[in-house]
Amino acid sequence: MSTTQPQFSLKDLAGNSHDYPRDKASVVCFVKEDCETCNTAAPVLEALHKAFGDKIDVLLISQSGEANTVFAERHDLTMPLLDDRSCKAAFEWDIESVPSVFWIDAAGTVQSQFEGFVRSDWEALAAEMSTTAGLPAAQIDWESLPAWRPGCGSKHLDPSVYDKLRAEADGSPIRARKIEVAPSDDVAEFMFDQGFSDGLPLVPPTPERVLRMLSGTHLDPQEVIASVPPNMGIATVEKIAINAVMAGCKPEYLPVVIAAVEAVCTDEFNIHGVTATTMGAAPVMIINGPIRHKIGMNMKLGALGAGNRANATIGRALRLVVRNVGGASTGGVERSTLGNPMKFTMCFAEWEERSPWAPLHVERGFDPEDSVVTVFAMTGGPVHIVDQTSRAPDQIAGSLGLGLEGVFLPKMRNLPVDALLVVCPEHIDTLTREGDYSKDRLRDQIQNVTTRPLTEMLMDENSGAGISAAAAEAMGPDAMARSVPKFAGKEFIHVVVAGSDAGKFSSAFHGWATGAVGSQSVSKKIDLG
Amino acid sequence: MTIILDPTDERVPVERQVSKRSGSLSGVVGFLDISKPRGNVMLDELERLLAQKAPDVAIRRYAKPTFAKPCPDALRHEIRDACDYVVEALAD
Chain A
825 MSTTQPQFSL KDLAGNSHDY PRDKASVVCF VKEDCETCNT AAPVLEALHK
875 AFGDKIDVLL ISQSGEANTV FAERHDLTMP LLDDRSCKAA FEWDIESVPS
925 VFWIDAAGTV QSQFEGFVRS DWEALAAEMS TTAGLPAAQI DWESLPAWRP
975 GCGSKHLDPS VYDKLRAEAD GSPIRARKIE VAPSDDVAEF MFDQGFSDGL
1025 PLVPPTPERV LRMLSGTHLD PQEVIASVPP NMGIATVEKI AINAVMAGCK
1075 PEYLPVVIAA VEAVCTDEFN IHGVTATTMG AAPVMIINGP IRHKIGMNMK
1125 LGALGAGNRA NATIGRALRL VVRNVGGAST GGVERSTLGN PMKFTMCFAE
1175 WEERSPWAPL HVERGFDPED SVVTVFAMTG GPVHIVDQTS RAPDQIAGSL
1225 GLGLEGVFLP KMRNLPVDAL LVVCPEHIDT LTREGDYSKD RLRDQIQNVT
1275 TRPLTEMLMD ENSGAGISAA AAEAMGPDAM ARSVPKFAGK EFIHVVVAGS
1325 DAGKFSSAFH GWATGAVGSQ SVSKKIDLG
Chain B
367 MTIILDPTDE RVPVERQVSK RSGSLSGVVG FLDISKPRGN VMLDELERLL
417 AQKAPDVAIR RYAKPTFAKP CPDALRHEIR DACDYVVEAL AD
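Taken in sequence, the protein lines are chains A and B. Going by the numbering used here, the first sequence opens with residue 825, and the numbers climb by one from there. Going by the numbering used here, the second sequence opens with residue 367, and the numbers climb by one from there.
Note that these hints are calculated values from the structure, not bench results. Using N, Cα and C, we set each Cβ at its ideal position, and we do this for glycine too. Among the clues, some could well be false.
As the list claims (entries may be wrong) - Which stretches of chain B does chain A cover? Using the computed rule of at least three CB atoms under 8 Å from a CB of chain A, they are:
#1 367-376
#2 381-387
As the list claims (entries may be wrong) - For lysine to aspartate or glutamate, the following DMTMM-like pairs were computed, each having C-alpha atoms within a straight-line distance of at most 20 Å:
#3 K1002/A with E381/B
#4 K1002/A with D372/B
#5 K402/B with D1351/A
#6 K1002/A with D375/B
#7 K1074/A with E376/B
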């Protein structure tokens, strides 16, 4: 072996600094107080120090913090016991277990290295030290010592310690500004005060947590995913990861959040308008493909509600990115008259296996094996559609249509506005009880049952919304004699399947301004590397 | 001490001073209608009043393609190059 080790400067128990490299031969040994093998080795190290200390430095580096003193007193150590409670030296020297011994010559070259207590290793070390120092052998009763005893894992390999060290190391991929929160400040309160929160508590995005989050994607942390309106803030993978940590995501959710950020920051989706509108729109995310199962998303009982970590935190992470990276704070660019709870989070998976139709992502041109996020700008929902008694397919399709009458206002028709229908399994069973019932047939029936004469849209004493008398006159009696359905085209009706097997309750999300004037739904494939 | 990472875009907004008021009204005023219903009604009335009270002012009318999206860059630049002042009609 012929390597050099990184430099360090550590303090002993008296507060004196000891630097490495040394100007003479040295033995450096990493120990911790609660390691039985380290306690076996300690008297040997003390004997080596006493025998050769004038010519060879023997340095112990201990990981046990306050208990370092206990260790030193237990063995009456007279050699320097250096405090490495942060484990930074252990991390940089890249050891695996303690005791870990390095025998280093005066030039700083490692001559030998071993771990644990293999008596022959220690005897060989004592002999080499004796030769190098030109001094008699150390007085050690080797026969009283165990022939072999394994060491303990170095404390720096504890995941919580290791991630922190990795985050602080020179090669760390972290580039975001580090904010030091004073010990007297409560971190949760500090983040509220800084305006980072959506109103709920956040997980502190420590460097080590963000590093763990970044392990969820193969993408480079500094890769730019999008410019986020309204401030056109640059959303790097790292910035998205920071917000995903705060939202409570697991690392394996990160690729979904990244795809969602990419989707909403397109000109088509127009997250600026979705955020700013007084009407109060929010992105609704639907996840399709194998990732639903891989990260444990809920598509069944309570899919649109609370209780599933992936559903809840992925949607929340997207909102936090728009808030923190895009700068869309409530009362700032976020101008919603009332808002809605979807502005916290709204994300669910489609129960593709329970659906008689092609999944949403396949319908939109992706392969079934692709994992895809689709975002819709929605202003209301989920609004329940209750029908527990229909037994014929067209009846249930009709009820689903009537359940959409409330989009914008029941009297408003011919709307160029998206609606997202979430059909529950029991309604699916009724739809398909006589055989195939295509999505298009469902859409046709929705349009059919909602078709009414245009005259019903006239402004009247009960509602000033709709067509004015002047506009009706301009359109002419023939045009006003027409009947129109709820939606300006059936392509505005989007349909997915989710929910538990029990219960005849479907649900609908109501859209915002759809199309080039407002927002168009966008699907993005999730990059899983 | 806890260290957390900044979740924002880390940019500090540029601070700008409000332009000095000359006390008189002249030059070119741009009227930007964001295309919400009745924005034109408000701007028509304002134009009428300005023509009465400040006849030297030239008025140019502009409209956003849709109120639901930010003003396109080309239109913003056009207004910047042609106008001394802008009045934006926001509401319905």
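These are the hints, each one checked on the structure:
With a threshold of 8 Å between beta carbons, the proposed coverage of the segment 367-376 of chain B by chain A holds, since 10 of its residues qualify and at least three are required. By the rule of at least three residues with a Cβ nearer than 8 Å to a Cβ of chain A, the coverage given for the segment 381-387 of chain B is violated, with 0 such residues. For the proposed pair K1002/A and E381/B, the alpha carbon gap of about 24 Å is over 20 Å, so the pair is violated. Note on K1002/A and D372/B: the hinted pairing holds, with a Cα-Cα distance of about 6 Å set against a maximum of 20 Å.
Distance check on the hinted pair: K402/B and D1351/A sit about 39 Å apart at the alpha-carbon level, beyond 20 Å; violated. Proposed proximity of K1002/A and D375/B is supported: the alpha carbons are some 13 Å apart, at most 20 Å. Distance hint between K1074/A and E376/B is unfulfilled; the C-alpha atoms sit about 24 Å from each other, more than 20 Å.
Hint check: violations occur at hints 2, 3, 5 and 7; the rest are consistent with the structure.
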